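Asks: Sequence:
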Amino acid sequence: MTTMKNRLFLLIALTSLLLGAASCTSERGGAMEVPSEKPTEVVPAEGVLTNIVRVKLSETYQTRVGERSLRASVDGDWETNVPELTECLKEIGAVEVRPLFPIDPKFEKRMRRAGLHLWYDIVLDESTKSKGTQTRALEEVKQLPGVEIVEQVPIYRQMDQEPPLFFGANLRAIDFDPVRPDQVTYPFNDPMLPKQWHYFNNGSGLKSLKGADLNLFEAWQKEVGKPNVIVAVIDGGVYYDHEDLKQNIWVNPKPGVAGDKYVGDIHGYNFADGNADIAFDAHGTHVAGVIAAVNNNSIGVSGIAGGNGTPNSGVRVMVCDAFGHGGKGQAFEQAFVYAANHGAVISQNSWGGAKFLAPSLKAAIDYFIDYAGCDNDGNQLPDSPMKGGVVLFAAGNESSDDIVYPAAYGEVVAVAAMAPDWKKAYYTNRGEYVDITAPGGDMHYPGGQIYSTSVRVQKDESGKIVQANSHYEFMQGTSMACPHVSGVTALIVSHFGGSGFTNEECKQQLLTALRPADIDAINPGFEGVLGKGYLDAARALDRNQKQAPQAVAEVKIEAQYTAQTLCFGAVKDGDDRTATYYYIYSDDEKALTKDNYKGAKSRRIFGLNYEPGDEIQVLFKNLKLDHEYHYAIVAQDRWGNLSEPAFVSGKTLLNQPPKIEVVSEGQHRVTGTEQAEIKVLLNDPEGHKVTYSLSGNHTGVRIEEVSDTELILHLSARGAIGVHEFVLKVTDEFGATATQSFSFEVYANSAPVMTTPLPKTLFLTLGKPAIELDLSKYVNDPDGHEVSYEITSGANTEALRSQLKGSILTINPAKLGKSTVQLKAVDSQGADLYMSINIRVVDSDIVYHVYPIPTYDVLHVLLNNGMKDVELSVVNGEGTKVLRQQVPNPTDTALGAREVELDVRQLSGGVYTLVVKSGSESYYRKFVKY
257 MTTMKNRLFL LIALTSLLLG AASCTSERGG AMEVPSEKPT EVVPAEGVLT
307 NIVRVKLSET YQTRVGERSL RASVDGDWET NVPELTECLK EIGAVEVRPL
357 FPIDPKFEKR MRRAGLHLWY DIVLDESTKS KGTQTRALEE VKQLPGVEIV
407 EQVPIYRQMD QEPPLFFGAN LRAIDFDPVR PDQVTYPFND PMLPKQWHYF
457 NNGSGLKSLK GADLNLFEAW QKEVGKPNVI VAVIDGGVYY DHEDLKQNIW
507 VNPKPGVAGD KYVGDIHGYN FADGNADIAF DAHGTHVAGV IAAVNNNSIG
557 VSGIAGGNGT PNSGVRVMVC DAFGHGGKGQ AFEQAFVYAA NHGAVISQNS
607 WGGAKFLAPS LKAAIDYFID YAGCDNDGNQ LPDSPMKGGV VLFAAGNESS
657 DDIVYPAAYG EVVAVAAMAP DWKKAYYTNR GEYVDITAPG GDMHYPGGQI
707 YSTSVRVQKD ESGKIVQANS HYEFMQGTSM ACPHVSGVTA LIVSHFGGSG
757 FTNEECKQQL LTALRPADID AINPGFEGVL GKGYLDAARA LDRNQKQAPQ
807 AVAEVKIEAQ YTAQTLCFGA VKDGDDRTAT YYYIYSDDEK ALTKDNYKGA
857 KSRRIFGLNY EPGDEIQVLF KNLKLDHEYH YAIVAQDRWG NLSEPAFVSG
907 KTLLNQPPKI EVVSEGQHRV TGTEQAEIKV LLNDPEGHKV TYSLSGNHTG
957 VRIEEVSDTE LILHLSARGA IGVHEFVLKV TDEFGATATQ SFSFEVYANS
1007 APVMTTPLPK TLFLTLGKPA IELDLSKYVN DPDGHEVSYE ITSGANTEAL
1057 RSQLKGSILT INPAKLGKST VQLKAVDSQG ADLYMSINIR VVDSDIVYHV
1107 YPIPTYDVLH VLLNNGMKDV ELSVVNGEGT KVLRQQVPNP TDTALGAREV
1157 ELDVRQLSGG VYTLVVKSGS ESYYRKFVKY
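All you need for the numbering used here is the position in the sequence shown, starting with 1, plus 256.
Just so you know, not all the hints are guaranteed correct.
Beta-carbon label-pair distances, calculated as ranges [as the list claims (entries may be wrong)]:
| hint | residue 1 | residue 2 | range |
| --- | --- | --- | --- |
| 1 | S655 | K846 | 38 to 48 angstroms |
| 2 | Q912 | G467 | 44 to 54 angstroms |
| 3 | E966 | D657 | 23 to 33 angstroms |
| 4 | S755 | K846 | 27 to 37 angstroms |
| 5 | E1046 | K985 | 46 to 56 angstroms |
| 6 | D851 | K985 | 42 to 52 angstroms |
| 7 | R974 | L910 | 50 to 60 angstroms |
| 8 | E783 | Q912 | 29 to 39 angstroms |
| 9 | T316 | Q801 | 46 to 56 angstroms |
| 10 | K1033 | K985 | 45 to 55 angstroms |
| 11 | D657 | T316 | 23 to 33 angstroms |
| 12 | Q801 | L909 | 24 to 34 angstroms |
| 13 | Q801 | T849 | 26 to 36 angstroms |
| 14 | D657 | D497 | 33 to 43 angstroms |
DSS-like mimics (lysine-lysine), calculated; alpha carbons at most 27 angstroms apart, straight line [to be verified]:
| hint | residue 1 | residue 2 |
| --- | --- | --- |
| 15 | K788 | K877 |
| 16 | K679 | K788 |
| 17 | K945 | K1016 |
| 18 | K880 | K1024 |
| 19 | K1024 | K985 |
| 20 | K1080 | K1061 |
| 21 | K828 | K880 |
| 22 | K1071 | K1016 |
| 23 | K398 | K362 |
| 24 | K828 | K788 |
| 25 | K880 | K846 |
| 26 | K812 | K763 |
| 27 | K857 | K828 |
| 28 | K788 | K463 |
| 29 | K398 | K611 |
| 30 | K857 | K788 |
| 31 | K1071 | K1173 |
| 32 | K846 | K907 |
| 33 | K1137 | K1080 |
| 34 | K1080 | K1033 |
| 35 | K1016 | K935 |
| 36 | K517 | K362 |
| 37 | K788 | K763 |
| 38 | K812 | K907 |
| 39 | K802 | K1024 |
| 40 | K1185 | K1173 |
Derived from the structure by calculation, the hints contain no laboratory data. Keep in mind the model is a prediction, meaning the values are calculated, not measured. Quick reminder that beta carbons are idealized off the backbone N, C-alpha and C, glycines included.
All chains, full assembly: derive it from the sequences and hints.
Replies: What follows is the structure, given as structure tokens:
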């Protein structure tokens, strides 16, 4: 299966298709198979070994098949004790049927109890394509009455064989000077230990933070690892002759001999190739070095549980090569069983990536967890440091939230990766299945990857390793984070191991040993998916002295409107320095007491980053206004010991509504392009920010925000004609509101109208001064709009010259004659009124016109309306006045003419002279009377 390291391995995702199977959930949290009429078929989505069909048989059927491997004859014929199986094997072109888990006579009883004897691999003859494909074989095998589960075996490739996931095939950090800083005292003389910031980070690296490490130096003061603790590294083959590893490589006290399943397994086994020829691999060797590189030997690097350089120190690494020389691992299941049967109690696994947990792999993992360090009956062996095994898996390097197996299996410890500044490594997978985070390195930090042992190999043309040399290098990944946790697990077992020590106790020591850094606060947006926190090696070696934390002494509440901040001091814990967590229970209805607080909703606060006495502030938001809340605070240490609860109650603040003051009162009317304004002042008594909105018929209303406390409502005639009523609503940030109603009218605009008629004809006397006519005295706008005037035609003719300034029309006579001046009055909204004045230029300013001439009966005389005391008379040719008429004075002296009729019917025909006198002025005109 694939390792998690970016540089080397590609993760192959698996999906499952479950066909007609009954299943239930075991206590371990994975799928537990039960017999059914039809077998379960497990089909990975991607590459599989096309020549293998894996099956689990029923107990009865397994008894009929037998436990030895079966092979076809040279001509492909089969003979078995089960006729239908014989026919099926012939039909699908099988060449071999072999047990997946060879029975170890020493542990036969427990292997059978675990059902391992029920698993078989059916090997197909790939060269005989006419016998059918693997798909057909799967279908045929499913029909056998004693088959409960059918699996395909996935192929997992090393990363070197596939396109890299991140930034290129070789992810290497910028190196830094490994010279030991003078201010740091290193516990061991390994020359490259200063490169291993992940053990002790003094913050000297670029972007690194002091203390962002495993806190290993303090742990080494208590424990460095013991040789009776065996860690199975299920990975690529560990280079067991490495100069900085060989002292801590496991040596099998009874290697297999001819006739045994595992012949020559001196340091472990190559399960992928089925022999003891270990395929030395850089990744597996790197992982092993993190766990158990030999310490204090003046060579290379240090290992977490690598001892102190003395022969009887350091844990031992069991080499479980799962990839082999071809890099196609398919025997991981056997590695778990082998490790459990040969004394390992810790299983280190930096590979995975499936979308489900294959039943055969689950069976193998469960076997290791249940029986590592135990006898056939599940009792701890006298020489074993622990009862049961601990299995650890890397979470993966796809920067994904997807659930991946085996890491997501509830019974294993899943490990995410951090960078040298506490932040999650950019590549790490995350999820609720992750248990803990440890240093995995990050290429974006100079020297920020993980430095450990490695191997350089030379291969011949066939791919066989012909030479291997010790090497050291940087790598990164959850592959590197996981052995940090495995190494600390090995320290725990070394320190606490012995009779009665169990794997569950070990996991409690491990998963409660946290650095004083809040992983959720440091990685916002990833709360709850990076495990309980950062692993602290020193704290993993602390003992539970069953001392509960002190009770919280005093709690203050800082009240806000919809929030409260609880302030209290961090408390001391007698055996753990300070409390690990604070549980805050809250209720908005009833006071909390010792009898009822556990039923209230709770919130957990990480406490290790506070020294006793430091103030802790916890904010509760989205509370009700002016409402009392009740709290209980309980401190808890890593072991689950609880303090006495502290109780406090407090009320949120009462919020006052904002106020609205209207400055611009009165009626507001608009039409056309007119606008009106209303000035509004806002005031919130507590100074809260406010928002505002309009409701009702507010078409044509625009709000201008002059300042936080002043608005101007701009009113326009965009809406329909009529009265518009609307409401301004002002809301403060906590929901209190104030409203104010407004109205304005949109009206139809009326054009200007004539209030006084203009003269029909205006007479001007040639040679006399111009006259001025104020048009505003004749025109009015019903809506009170300002009116402007313009001459549209006739401004300048032969008879006159005219001009307009404002409302004053000035007309100068130029020549005897007639003309017409066209005028327009326009209001501010564009409505207009057209007018005209007839102009006549005459030579007298007493009489404007006399007609008709000649006349029969009546002579019409147009007089200047401004003339008074006018007398008309007619004189004949002899100079005798034959007719005389006095004209009444006008009642209106407005510009224009008045017409007077002179009856001349009594006159005889002839030529006469009309004489018009007014004061000292006289007018004479001859006319003919018929």
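Asks: Next step is simple, just say for each hint if it's right about the structure.
Replies: Cross-check of the supplied hints:
1. S655 with K846: 38 to 48 angstroms: holds, 46 angstroms
2. Q912 with G467: 44 to 54 angstroms: holds, 48 angstroms
3. E966 with D657: 23 to 33 angstroms: At 49 angstroms between Cβs, range violated.
4. S755 with K846: 27 to 37 angstroms: violated, 50 angstroms
5. E1046 with K985: 46 to 56 angstroms: Hint holds: Cβ distance 47 angstroms, inside 46 to 56 angstroms.
6. D851 with K985: 42 to 52 angstroms: Once the Cβ atoms are compared, 47 angstroms apart, the range 42 to 52 angstroms for K985 and D851 holds.
7. R974 with L910: 50 to 60 angstroms: violated, 41 angstroms
8. E783 with Q912: 29 to 39 angstroms: With a Cβ separation near 36 angstroms, E783 and Q912 satisfy 29 to 39 angstroms, so the hint holds.
9. T316 with Q801: 46 to 56 angstroms: 54 angstroms Cβ-Cβ, so the 46 to 56 angstroms window holds.
10. K1033 with K985: 45 to 55 angstroms: Cβ of K1033 to Cβ of K985: about 50 angstroms, so the range 45 to 55 angstroms holds.
11. D657 with T316: 23 to 33 angstroms: Between D657 and T316, where Cβ atoms are some 44 angstroms apart, the hint is violated.
12. Q801 with L909: 24 to 34 angstroms: violated, 45 angstroms
13. Q801 with T849: 26 to 36 angstroms: holds, 30 angstroms
14. D657 with D497: 33 to 43 angstroms: At roughly 41 angstroms between Cβ atoms, D497 and D657 fall inside 33 to 43 angstroms, so the hint holds.
15. K788 with K877: holds, 24 angstroms
16. K679 with K788: Between K679 and K788 the Cα gap is close to 14 angstroms, so the pair holds against 27 angstroms.
17. K945 with K1016: Violated: K945 and K1016 sit about 68 angstroms apart, past 27 angstroms.
18. K880 with K1024: violated, 90 angstroms
19. K1024 with K985: Given pair K1024, K985 is violated - Cα atoms ~69 angstroms apart, limit 27 angstroms.
20. K1080 with K1061: Holds, because 13 angstroms separates the two Cα atoms, which is no more than 27 angstroms.
21. K828 with K880: violated, 34 angstroms
22. K1071 with K1016: holds, 20 angstroms
23. K398 with K362: violated, 33 angstroms
24. K828 with K788: holds, 21 angstroms
25. K880 with K846: With Cα atoms ~15 angstroms apart, K880 and K846 stay inside 27 angstroms; holds.
26. K812 with K763: violated, 37 angstroms
27. K857 with K828: Status holds; Cα separation ~25 angstroms.
28. K788 with K463: holds, 24 angstroms
29. K398 with K611: Status holds; Cα separation ~23 angstroms.
30. K857 with K788: holds, 21 angstroms
31. K1071 with K1173: holds, 25 angstroms
32. K846 with K907: Distance of about 13 angstroms is within 27 angstroms: holds.
33. K1137 with K1080: violated, 49 angstroms
34. K1080 with K1033: holds, 14 angstroms
35. K1016 with K935: Distance ~50 angstroms between K1016 and K935 Cα, so the pair is violated.
36. K517 with K362: holds, 13 angstroms
37. K788 with K763: Status holds; Cα separation ~13 angstroms.
38. K812 with K907: Holds, because 12 angstroms separates the two Cα atoms, which is no more than 27 angstroms.
39. K802 with K1024: Between K802 and K1024 the Cα gap is close to 126 angstroms, so the pair fails against 27 angstroms, i.e. violated.
40. K1185 with K1173: holds, 21 angstroms
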